[in-house]
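Student: Full structure from sequences and hints, please.
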Amino acid sequence: RKEVEQDPGPFNVPEGATVAFNCTYSNSASQSFFWYRQDCRKEPKLLMSVYSSGNEDGRFTAQLNRASQYISLLIRDSKLSDSATYLCVVIVRSNDYKLSFGAGTTVTVRA
Amino acid sequence: DTEVTQTPKHLVMGMTNKKSLKCEQHMGHRAMYWYKQKAKKPPELMFVYSYEKLSINESVPSRFSPECPNSSLLNLHLHALQPEDSALYLCASSQASPAGGGRGHTEAFFGQGTRLTVV
Chain S
5 RKEVEQDPGP FNVPEGATVA FNCTYSNSAS QSFFWYRQDC RKEPKLLMSV
55 YSSGNEDGRF TAQLNRASQY ISLLIRDSKL SDSATYLCVV IVRSNDYKLS
105 FGAGTTVTVR A
Chain X
5 DTEVTQTPKH LVMGMTNKKS LKCEQHMGHR AMYWYKQKAK KPPELMFVYS
55 YEKLSINESV PSRFSPECPN SSLLNLHLHA LQPEDSALYL CASSQASPAG
105 GGRGHTEAFF GQGTRLTVV
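Line by line, the protein sequences give chains S and X.
Read in order, the letters of the first sequence are residues 5 to 115 in my numbering.
Read in order, the letters of the second sequence are residues 5 to 123 in my numbering.
One should not assume that every hint holds.
To be verified - Here are some chain X residues pointing at chain S (derived, C-beta under 10 Å):
#1 Q10
#2 K26
#3 P47
#4 E48
#5 C72
#6 P73
#7 L92
#8 L94
#9 A96
#10 T110
#11 F113
#12 F114
#13 Q116
#14 R119
To be verified - The list that follows gives simulated cross-link-like pairs (lysine-lysine, DSS-like), each with its CA atoms no further than 30 Å apart:
#15 X:K57 x X:K42
#16 X:K26 x X:K42
#17 X:K42 x S:K83
#18 S:K46 x X:K22
#19 S:K49 x X:K40
#20 S:K102 x X:K40
#21 S:K102 x X:K23
#22 X:K26 x X:K13
#23 X:K22 x S:K6
#24 X:K13 x X:K42
#25 S:K6 x X:K23
#26 S:K83 x X:K26
#27 X:K45 x S:K46
#28 S:K83 x X:K57
#29 S:K46 x X:K40
#30 S:K6 x X:K44
Stated by the list, open to error - Some chain X residues well away from chain S (every beta-carbon gap over 12 Å; in silico):
#31 G18
#32 Q41
#33 V52
#34 S59
#35 S69
#36 P70
#37 S75
#38 P87
#39 S98
No wet-lab data here; the hints were simulated from the structure.
C-beta: ideal position from N, C-alpha, C; glycine also.
Tutor: Structure representation (structure tokens):
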């Protein structure tokens with residue numbers, strides 16, 4: 005079983021729509037959780053950290069469910085510029101700083 | 005300043021060449037990483053340095069040789085590569101807490117990558 009799994013999509017949504025997707029992790033000792041965004045042929049860029057209480061940054065909302073071992077990302081009022089691959093990243097405390105990546109979820113926002 | 009700088013941005017090398025990739029950060033981060041990314045795939049971890057010591061080597065072939073001269077610099081020395089090693093090589097850094105203690109890991113910041121082509 006992979007350490008981190010994501011629905012690859014693609015999610016193809018119209019502008020203004022809401023899109024949400026999850027990421028599951030297998031190791032219950034996972035400690036830190038992040039969403040990164042990666043544009044084609046560019047480096048991953050941090051979108052947001054995911055906290056136990058859930059957190060929001062503008063149109064983006066991240067949730068963590070430790071009991072079911074998943075994190076989620078919700079994008080409201082989608083913009084064309086939100087089109088990207090969203091990577092889920094998990095760090096296991098005992099794994100000496102190793103970031104484990106999901107395969108990424110592709111989102112395409114159409115006009 | 006949340007910048008990780010990688011050089012060169014592009015590199016074409018022959019299978020008999022020796023080259024080096026360089027990475028620099030001045031955020032005081034004590035964990036630094038090398039990742040390899042192929043098209044339409046997520047980044048794959050190669051090496052992790054924490055406090056200038058190699059802490060993780062993900063069974064990377066010896067034709068890739070990492071080096072951490074100091075807390076701000078990370079190099080990846082390349083020798084006798086194969087065409088299938090062509091990829092985007094990403095460097096990243098993050099704050100690091102000592103293993104088994106501290107408040108945990110903070111987010112990692114990535115450089116723009118070196119796009120390597122082996123011919």
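Student: Hint numbers the structure violates, sorted upward?
Tutor: 2, 5, 6, 23, 25, 26, 28, 32, 33, 34, 39
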